[in-house]
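Protein chains: 2
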Amino acid sequence: NVYSVLKSELLHDPAFQFTDDSRQWVERMLDYNVPGGKLNRGLSVIDSYKYLKEGKELTEDEVFLACVLGWCIEWVLLQNTFPVLIEPVLQAYFLVLDDIMDNSHTRRGQLCWFRVPKVGLIAANDGVLLRNHIPRMLKNHFREKPYYVDLLDLFNEVEFQTASGQMIDLITTLEGEKDLSKYTMPLHHRIVQYKTAYYSFYLPVACALLMSGENLDKHIDVKNILIEMGTYFQVQDDYLDCFGDPEVIGKIGTDIEDFKCSWVVVKALELSNEEQKKLLHENYGKVDPANVAKVKAIYKDLDLQGVFAEYESKSYEKLIKFIEAHPSKAVQAVLKSFLGKIYKRLK
Amino acid sequence: NVYSVLKSELLHDPAFQFTDDSRQWVERMLDYNVPGGKLNRGLSVIDSYKYLKEGKELTEDEVFLACVLGWCIEWVLLQNTFPVLIEPVLQAYFLVLDDIMDNSHTRRGQLCWFRVPKVGLIAANDGVLLRNHIPRMLKNHFREKPYYVDLLDLFNEVEFQTASGQMIDLITTLEGEKDLSKYTMPLHHRIVQYKTAYYSFYLPVACALLMSGENLDKHIDVKNILIEMGTYFQVQDDYLDCFGDPEVIGKIGTDIEDFKCSWVVVKALELSNEEQKKLLHENYGKVDPANVAKVKAIYKDLDLQGVFAEYESKSYEKLIKFIEAHPSKAVQAVLKSFLGKIYKRLK
Ligand SMILES: [Mg+2]
Ligand SMILES: [Mg+2]
Ligand SMILES: [Mg+2]
Ligand SMILES: [Mg+2]
Ligand SMILES: [Mg+2]
Ligand SMILES: [Mg+2]
Chain A
1 NVYSVLKSEL
11 LHDPAFQFTD
21 DSRQWVERML
31 DYNVPGGKLN
41 RGLSVIDSYK
51 YLKEGKELTE
61 DEVFLACVLG
71 WCIEWVLLQN
81 TFPVLIEPVL
91 QAYFLVLDDI
101 MDNSHTRRGQ
111 LCWFRVPKVG
121 LIAANDGVLL
131 RNHIPRMLKN
141 HFREKPYYVD
151 LLDLFNEVEF
161 QTASGQMIDL
171 ITTLEGEKDL
181 SKYTMPLHHR
191 IVQYKTAYYS
201 FYLPVACALL
211 MSGENLDKHI
221 DVKNILIEMG
231 TYFQVQDDYL
241 DCFGDPEVIG
251 KIGTDIEDFK
261 CSWVVVKALE
271 LSNEEQKKLL
281 HENYGKVDPA
291 NVAKVKAIYK
301 DLDLQGVFAE
311 YESKSYEKLI
321 KFIEAHPSKA
331 VQAVLKSFLG
341 KIYKRLK
Chain B
1 NVYSVLKSEL
11 LHDPAFQFTD
21 DSRQWVERML
31 DYNVPGGKLN
41 RGLSVIDSYK
51 YLKEGKELTE
61 DEVFLACVLG
71 WCIEWVLLQN
81 TFPVLIEPVL
91 QAYFLVLDDI
101 MDNSHTRRGQ
111 LCWFRVPKVG
121 LIAANDGVLL
131 RNHIPRMLKN
141 HFREKPYYVD
151 LLDLFNEVEF
161 QTASGQMIDL
171 ITTLEGEKDL
181 SKYTMPLHHR
191 IVQYKTAYYS
201 FYLPVACALL
211 MSGENLDKHI
221 DVKNILIEMG
231 TYFQVQDDYL
241 DCFGDPEVIG
251 KIGTDIEDFK
261 CSWVVVKALE
271 LSNEEQKKLL
281 HENYGKVDPA
291 NVAKVKAIYK
301 DLDLQGVFAE
311 YESKSYEKLI
321 KFIEAHPSKA
331 VQAVLKSFLG
341 KIYKRLK
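These protein sequence lines map, in sequence, to chains A and B. First residue of the first sequence? That's 1 in our numbering, and the numbers climb one at a time after it. First residue of the second sequence? That's 1 in our numbering, and the numbers climb one at a time after it.
Treat the hints as calculated values from the structure; they're not laboratory data. Model, not experiment: these values are computed from the prediction. We treat Cβ as the ideally placed atom computed from N, Cα and C, and that holds for glycine. Treat the hints loosely; a few may be bogus.
[Stated by the list, open to error] Chain B is faced by these chain A residues, among others (derived, beta-carbon under 10 Å):
no.	residue
1	7
2	123
3	166
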């Protein structure tokens, strides 16, 4: 179990002397957050590397190293979703605070203000700690590889992009400034590209390329195709949130209620007339089912399901064309395998 | 102005397409937090490098690069103090929340709970963003240097240590679990070593050593001396918080009120009898001046000023002995210059 190995190395890193409390703190944070993932990205490093080796059997060591990189990618994801994951924890604290405030007044209330911010502090520090784990894992397992420095540069660049994408997302959807007119296709594309596509599509393939001894500067086209594909993947995600079968996707979408900058609402804004636009502004981002129903009615009037089907087949054709223009059959195989896994997905 | 150059490069990093809002967000966050520092660390990279070059004049380029590293160290400091710096921002949000709650009830209160956590999320993301800036700056200016990979490893290791030290500090001084019996000399030493000494004493010298073409693995003794010195520096800081002249140190210390794991209280606990210990437990970490006065009275009874003076001269002697045992006169000069700056400091 590669995760256990990595976790144990982090908890016994010779560069730091843990106290029992702090070791337990990190272990809990990791166990609570990391292993739940689907590990798609981890597997996709191995898959991609296999294609690049063109059928040659992987050694045990190669499989292990590809898994380590897969887990490093999960760590990037974790930084990305960390804010959302800790929300329940923050909520719990705020509820405790609420209780204290209801029962007493200024004096104890004062004490409270003093206490509460620590939660934000600890959250901020946990985020930085996670960011720091990735280079530790890379150093433990890749320090002697010729591509070590490129691997560090790659993770540094993609993590910077991911955190920056997350930032745009957080500040545009900041509560209290609900303004639908900010939601445009270029903004949606930018958030998706940086927040999702780089780390979940480009990063696994780039890792596999480095393991195969390739120079990433010579694979800008591969990067561009994967970013395109990642964008398409996120558009599907947005579409399924609203039009997917909850039984199949395993949850009931709430992007409308949550005022998300979803491809669906951005497309609807593009296509709607003044009256429809007005209704969208009035009803988007509210929890009341009556508001949600009005938004969905507009989506129906605009035939967004048809618009999406069109988008989906056009994206597919474009991606296939780009992929088939690539000189290497092995790289084509990697990219087609990615595309095959997501094309017309229902969940 | 090196800071302006670095900031501008970060705000126009070709790896990310900023929106106007997001560029402004980062610029404000940096301007608000970064340039205020005393830049001791930045200057100490240049100073150390000068000694290592044994009198040879530095080129303009060398001065610039040493400054870049100095600023990178300020960025590490910023991650470290970031939680504290954003506390006023968090507080402001909580106060707004408080108002809303006082004026209305459940319905608007509910909305609030939904809103508030975003502050924690943004704080966590800003922290990660800062962590990501450092490798961007290093790549922009050191990518072609033979010591680039060692520089990345150095910053990665020290940042991991700093964030981990910060974590122990946050979780041991977590409000609501005020328990003085946790405060021991080994714990104090561990917090100080990891949270402060690595990045503010070891890191600048290690940067200068790398710029001079040295292998850090051969300078473990230099590291150990600097960690010792950083610890001594923090003990002074703790001492001055309580016994320093507020006019000279420029602030009124509140470590007692803040329930800090300070060298002074840890030493007091070590030296006190049962009755004094009981009084410390009862009075430490309270805002009321009457409580603070009782703590200070015990410090006086235990002659902690004398105990500190003894500690200070012993530390100095020990450090000088270690430094003079070092084979290189240039390295000795670096270390003595550091020590000279802090020995018997009053602020
Ligand atoms: Mg209430
Ligand atoms: Mg979604
Ligand atoms: Mg929905
Ligand atoms: Mg109140
Ligand atoms: Mg202090
Ligand atoms: Mg004091």
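Here's how the hints hold up against the structure:
1. 7: 15 Å, violated
2. 123: Cβ of residue 123(A) sits 5 Å from chain B, so the hint holds.
3. 166: 5 Å, holds
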